[in-house]
Amino acid sequence: MAETHRPPEQFTLRLRRYDPESGDAPYWDEHTIELEPHRSVLEGILQAKAKFDGSIGIRCSCRAAICGSCGVRINGEPGLACHTHLDHARAYAKDGVIEVEPMGNMPVIKDMIVDMDAVHWKKVKRVTPWLLNEGPQPEREHIVPRESMVDITQTMACIQCGACVSDCLAMEVDPGFIGPAALAKAYRFVGDPRDEEQRERLIDLSQDPLGIYDCTHCFKCVQACPKDVNPMGQIMRLRRIAGSDQKIVDQNNGHRHEETITTLIKGYGLLHEAEMLPRSYGGNSWFGKFHPAAGKELLSSLPVVLRALVKRKVNPKIAMFGHKIPRQDLNAVKKIYEKVESRPTRYELNLYVTGYDEDVEEPVASVVAGNAQSVPQSTEGSTN
Amino acid sequence: MPAHDVLIIGAGLAGQRAALAAAQGGADVAIVSKVHPVRSHSVAAAGGINAAINVADDWRSHAYDTVKGSDFLGDQDAIEIMCSQAPKEVMHLEHIGVTFHRNDSGELDLRAFGGASMKRTAYVADITGQAILHVLYEQLMKHHEQVTRYEEWFVTSLLQDENGCCCGVIARDVRSGQMDVLGAKNVILACGGAGQVYSPTTNALIVTGDGIAQAYRVGAPLMDMEMIQYHPTTLVENGLLITEGARGEGAVLLNSEGERFMEKYAPNKMELASRDVVSRAEQTEILEGRGVGARKDGIYLDITKVPRKRTLEALREIVNIGKDFAGVDITREPIMIRPGQHYIMGGVKTDVNGATSIEGLYAAGEVACVSVHGGNRLGANSLLDTLIFGRRAGEHAAARAAQMAMPQIPQARLGEDMAMIDAIIARPHTGRRVSEIKQELGETMNKYVAVYRDEEGLRTAHETVRRLKDESGSAYVDDRGTVFNQDVLGAIELGYMLDSAEAIVVSAIERKESRGAQFRTDFPERDDEQWLKHIDITTSADGAGGPQVSYSPVTITQWQPEERKY
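Heads up: the sequence lines are chains A and B, in that order.
Taking this note's numbering, the leading residue of the first sequence gets 1, the next gets one more, and so forth.
Taking this note's numbering, the leading residue of the second sequence gets 1, the next gets one more, and so forth.
Bound conformation, chain B alone:
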């Protein structure tokens, strides 16, 4: 059985950054990923990364914008850490090789982004996530002696020792089908969000709530799970993302009457209001009959206002997406978009070092909830979140590892997970297909737990999720092999998705107010008196009791809640 000081699950930005930081801290590090690291979904982050690096900027301004963007649900101590450390982190990325675009003086160029009071988004065309991810992977290749990579290994369970401390994982080598225990003094979950719970979503097929569910199952609380971000510009055709960078560069939104309708909703920031505000505005226009397209369920995003040369240089990826996936040359005509599920602000509850309530278990990136995003994340703050808290978790875990011996690892658990997989493969073809259940889940969530929500819809969603959970117990797969059996892994992922979905729905039912991404038509006002608090969801160890709700306070340091206008 291999064992490491720090074992990281997930190799996107948070995971790779954590690995490099832990290695820097002298630890023996391993990183496990169910896909090759450069396939991780961080690769799709387009627009950029926020940092107050302009000499006229101040990290406090960035922090205030983030607090306001969060609709005052973000924890301000964590936001202060993230924003004050952002400039140093961006410079570090530049030093290790990220090819950030420059201004004419050769300094980092900055673009405008939603909810920001000034230009503070550093970028690489509209492939910022890809550029940073690939550069971090370059560093992993460079530091291969300190960081062991388990590429294409799928985690089935977290392990706890007799004291309840996390001490490793059980994982399956996807290629060979072999199962193994990977022991560790510390485990860092960095395996992303749960976007596949929705259909459509901008998120990749691999984003199935694995880490959220794994932590939940060992008793770690989930927080802010009701806060699901709908991105204002996703392709009507198939839900693919059009970067906010487009609006940052000057693109506008138009309804069927050709009106720049954001004037009504956010007269100052217009298209660059925070994402929850813009998505709600679009949805309102569509609901009131001013949508575009044959079904009137879209909105025009008009990028033709941006000079063509600039679009080709700085927004090349969405030029290609328009051409390849919608048949539209965005430099010459508007493209049809609508709000689409994009991000989950909530996740595994952590402190500012990424530590969860389970000793030895950390979380960072979209899987985690520190909470820096609160009710709504600002564009270009997610890359920052992954890197800052990935680094902090890596450093903290390495320091903890240096103080301790390798725990006793319950290797007997391996047999349980092997039996679980054998049982899935052996299921008779009498129940439903895994793919059918997944599809029904996605459509249900997108219908009832979306931009606008109400009690009735949420209850319907909850009943559906519970039924699907039952059905998933007998859901069958076709592949009976061991080599690259993606089918059986899909069945395990479905379980992760259903746990994540239930936590989302239960939290959304619980919060009887409208704040950030949660808009309840039956409770349309923000209610600071009752609901300026986080909702935490836990499960009993055996899971039989279902989700349990509790609350935790919001940390306020210097910005008192106020009315939110853009």
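Only chain A is shown next, with the shape it has when bound in the complex:
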């Protein structure tokens, strides 16, 4: 059919099958197909389906990574079957056989088909996924900054495939977590200057214990996303807008915890565990230590602290007196802060604006700024 640069080769696919009507447990089903190596895993599955077994179940439609139907796990990693080359998939297979399974975190209906309504779409509905703009409309278009539309195009580019939901670690332990896809969708409205209820959205997502501060910052969704939507990045942006810009004080200690880490790193170059919890609970100040509310919350954290001590996750001496790093290193850290904080506006990394993230031609400053923004958060995981 199509012109190829390389001759067809044989590939073996190991498909996870499950027939809900049989009463049998899921099982593995192997098929060997023949295709050019740069063809997709989906095309391989479709060949197996057309030639050997039409009952193989997989949702698919466009074949071009735009409809979002064929989210699966390939060799354990989430992604689109149409977007993964056979040769690439084989290279990463543990025994040369390409393993395809349904996505995680969602109930399996049949074979590689999962129930997205029960998880993914339910969470999307949670974030009021439509523009809130009930006032009289202008005669023509809303006049809005060019950059704002390019900016939210990154989240508009989400194809709702569920790959990020599949491997969200926070959702695995906390199925109620709103999750990466839905929160990225939320940013699409918060970042949209036409939306009239941005603050209400941010308060809602900050105060919800399963909201933006429930993300553990593990980068799984960033890696999983086939469309460079960068869901975790959008969650972090929601946090920055909610906490830093809109000064929303959340009941989850999310923003104060982040500020605490930023402050401690600025002051000591490394964390200071003894100050961390009191500051997080008390409002990120020295006096916070004596804040009555902090005392109560601190008590509730004691079991965690004790467990950490017993398991030697914390060294009591360092925890009490803090880490020490050489003076010149501390100065270097402070310089990063000065540079970032001296900017009139915050830089946000957006691939539609800056091109590829690895792009050497782009100004280094914007990339560094994007990373610097997230450094304080990435040193510590969950805020809850």
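Treat the hints as calculated values from the structure; they're not laboratory data.
A couple of the hints might just be wrong.
Once the Cα atoms are required to be at most 16 Å apart in a straight line, the calculated EDC-like pairs of lysine to aspartate or glutamate come out as [unchecked claim]:
hint, chain 1, residue 1, chain 2, residue 2
1, B, Lys142, A, Glu134
2, B, Lys88, A, Glu139
3, B, Lys323, A, Glu134
4, B, Lys309, A, Asp195
5, A, Lys125, B, Glu436
6, A, Lys122, B, Glu151
7, B, Lys119, B, Asp58
8, A, Lys51, B, Asp58
9, B, Lys323, A, Asp87
10, B, Lys142, A, Asp195
Add chain B to chain A, keeping to what the hints say.
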């Protein structure tokens, strides 16, 4: 049995727009789709949507370009409606949240597109269809109380009451395998074209001519079916689409001698001539031995002329397609493309309100033929078509519903369709596989009913399609289950495809001239005297008589046919 005022089949742009308009009109609305709405093929529309919104533009200029693009086969009353209502529709989309790109003043930015006399294409990077589709779905979620959604339900038949009025459908819940009658005062078909009749095609696997065949089977005429658009830039590797937006942004086409050959074919518009002209030019270059690649069956599309930053911002999707599907960084080297099946201008014949000849049955979008595209559709007019006529059909159907009681619905038909599915599942493994027949159909159509056609090839295609129809009667499937039995639905889709294909071939044989996308090497000239008319195809109620040909006039309001040059 659930029943609704307005039941819409298909949840792409036309279907969702129709649903929202009908709900706005006070109707109880339901929308049925065999895939989740955001998987609909409208999602793949890349480049943008045309509307004369620039203050220096005029909708008449847009209408004239559309008439000329159609090679004067489009109905000018319908084209006037579409183009004059376009600006308001685009503003409506903007108001409900579509993230159209802006210029430096914050107004909607416009890009150049093929066959247009000025920049009038509003866009969201090169994911315009996706952006609009997802925003309409946001609105469906918002209006969930007025619009019931049957997501992943597959329609097997249209129902008619004793007066022949359309009064609902029979459908199968794909997930559970349960069949049900969905009653309705009005049905709007909005389930897309029939691209899978061809192989390769830019169209998604779900685009199987369902609505075209369903309407045809209940006696509605199909019109302009011979007009199949080959898009000038589809990937040689696997037929995927490279948006016309690339040429709109300044990309050029080169042959094996490095010539910008469009100079010969369209000296004024060059790469931005209408799609039929550019595809024919490419095919001519390839046939005359100036193709590129190992088999010399490709053409270079050179996007490196577009500034890299602009490409990354405005053509990001095709940057990814180049990288992921062809291993080419389009910002640094040319990519190999060729013409590929993309769109069907024809479809179920409707009036300007989307009404078909069957009372209570409407059609809008690619499934329909109003006809605004005539012999050739301009790029970025398809999204417009879906939205304008989707809205009009929704409004009209809602108004009709308000005037009538729920018709008598022949529920006994449910048993027939259940038996039909059981019979497919029970077929012995002695015939051919459904997938084999589909593949042969696609290759046949792409060989004989393509950019260049002649009587002999078309006859061969027709014989093949008829044979495949026979074979499909015993084509077998493997899946015997009820939950997500995609296999059996594939067999039903094959039937839809074969009906669509036969109508295409019969129309192409009938039109003995060259106009728009139909180029007959045995009749290379346009012949207005004999063929400035639509070809309509109908079938007898039992289908036994095969396709019947008749003609209907082209509506001309203000633009007389003239020689077409770009």
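- Take the C-alpha atoms of Lys309 of chain B and Asp195 of chain A, compute the straight-line distance between them, and say whether it is at most 16 Å. violated (28 Å)
- Item | Straight-line alpha-carbon gap Lys51 of chain A to Asp58 of chain B, limit 16 Å | violated (54 Å)
- CA of Lys122 of chain A to CA of Glu151 of chain B, is that 16 Å or under? Holds, because 14 Å separates the two Cα atoms, which is no more than 16 Å.
- Task: Would you check the hint for Lys125 of chain A and Glu436 of chain B, treating anything up to 16 Å between C-alpha atoms as holding?
- Result: violated (41 Å)
- Are the Cα positions of Lys142 of chain B and Asp195 of chain A separated by 16 Å at most? holds (15 Å)
- Message: Please verify whether Lys88 of chain B and Glu139 of chain A have alpha carbons no more than 16 Å apart.
- Response: holds (9 Å)
- Does Glu134 of chain A lie within 16 Å of Lys323 of chain B when you go C-alpha to C-alpha? Status violated; Cα separation ~42 Å.
- Message: With the threshold set at 16 Å, check whether the alpha-carbon distance from Lys119 of chain B to Asp58 of chain B stays at or below it.
- Response: holds (12 Å)
- Is Lys323 of chain B within 16 Å of Asp87 of chain A, Cα to Cα? Holds, at about 15 Å.
- Item | Hinted pair Lys142 of chain B and Glu134 of chain A, Cα distance within 16 Å | Holds, at roughly 13 Å.
In this structure, the hints that do not hold are numbers 3, 4, 5, 8, in rising order.
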